[in-house]
Amino acid sequence: MNYFLLLILAFVVLASADANFADWHPPQDGEVRSPCPALNALANHGILPRDGHNLTAPMLVKALGEGLNVSAETTNMLAATGLSVSKDPESGAFNLDDLNKHNAVEHDASLSRKDFDLGGESQDFYPSVFAETLSYFNGKSEVEIPDVAAARWGRVQSSNATNPKFTYSNNQYFPSYFESSAYFQLFKDSKTNKASVEWIDIFFREERMPYNEGWRPVNPISGLSIAQTVLQLALHTPEKLPAGSL
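Numbered by mature numbering (1 follows the signal peptide of the UniProt record, and there is no 0), the letters in the sequence shown go through residues -17 to -1, 1 to 229 in order.
In case anyone wonders, no lab produced these hints; they're calculated from the structure.
A few of these clues could be false.
Stated by the list, open to error - Straight-line alpha carbon distances no greater than 25 angstroms define the calculated DSS-like cross-link-like pairs of lysine-lysine that follow:
| # | residue 1 | residue 2 |
| --- | --- | --- |
| 1 | 70 | 45 |
| 2 | 148 | 97 |
| 3 | 84 | 148 |
| 4 | 223 | 148 |
| 5 | 70 | 97 |
| 6 | 123 | 45 |
| 7 | 123 | 174 |
| 8 | 70 | 84 |
Please take these sequences and the hints and turn them into a complete structure.
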């Protein structure tokens, strides 16, 4: 076998290598995090830079592709959002804590964060908020689309009732639906279309991918799959959305 072929084979092996979830630890001093549990988890696993600094689009495409099976086109949308709030957009990079800007990625009625105007810090997990989210699952060990929709809508109603400055309009609809669509796709069994509540809990509470518990990134996540899941969630939600809001 010639050296050229060996180089090609080596490149293919490296390009198709799975992400390593073995080395996980929570953020240390000087390491920054975001409102997004998925990005935080990838940083905690070292699949993204642990310090959370200087993230570029190619870096995100590689990490989310290998780590979560997210398509490049979907990841590039997230990267564009990151660059739009970057403290130094001309560098072509952003830090995870740049995403903490209110109503950029972070929004009211989060599944795991306290509302900004209620004193919430976007990067921080709030057990009481997430406990409310879990309560809408009614003790189930696995959840389906109607359960995920109920949890999302329950948080919207709760936030609206408790936050005098509650904001929920076109700029918040899609992020709200997107995050529920994303975690359901990450953790659902493609045969049963149910997602493990244990895995969901680990993901939000620890910002860790539940690899040790048996999860694998087997479900491809793309713009199309997100749109399909968002539509299902909307159909199971008793709210009327303005045309073009999703």
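Structure-based check of each hint:
1. Restraint check for residue 70 and residue 45: satisfied, since their Cα atoms lie roughly 23 angstroms apart, inside the 25 angstroms limit.
2. For the proposed pair residue 148 and residue 97, the alpha carbon gap of about 13 angstroms is at most 25 angstroms, so the pair holds.
3. Annotation: proposed proximity of residue 84 to residue 148 holds, straight-line Cα distance about 16 angstroms (limit 25 angstroms).
4. Only pairs whose Cα atoms come within 25 angstroms are accepted, and residue 223 paired with residue 148 is accepted, the gap being roughly 21 angstroms.
5. Straight-line distance between C-alpha atoms of residue 70 and residue 97 comes to about 24 angstroms, which keeps the hinted pair within the 25 angstroms bound.
6. As the CA atoms of residue 123 and residue 45 are separated by approximately 34 angstroms, the hinted pair breaks the 25 angstroms bound.
7. Restraint check: the Cα-Cα separation between residue 123 and residue 174 comes to about 18 angstroms, which is no more than 25 angstroms; the hinted pair holds.
8. The straight-line distance between the Cα atoms of residue 70 and residue 84 is roughly 11 angstroms, inside the 25 angstroms bound, and the hint therefore holds.
Of the hints listed earlier, the one the structure fails to meet is number 6.
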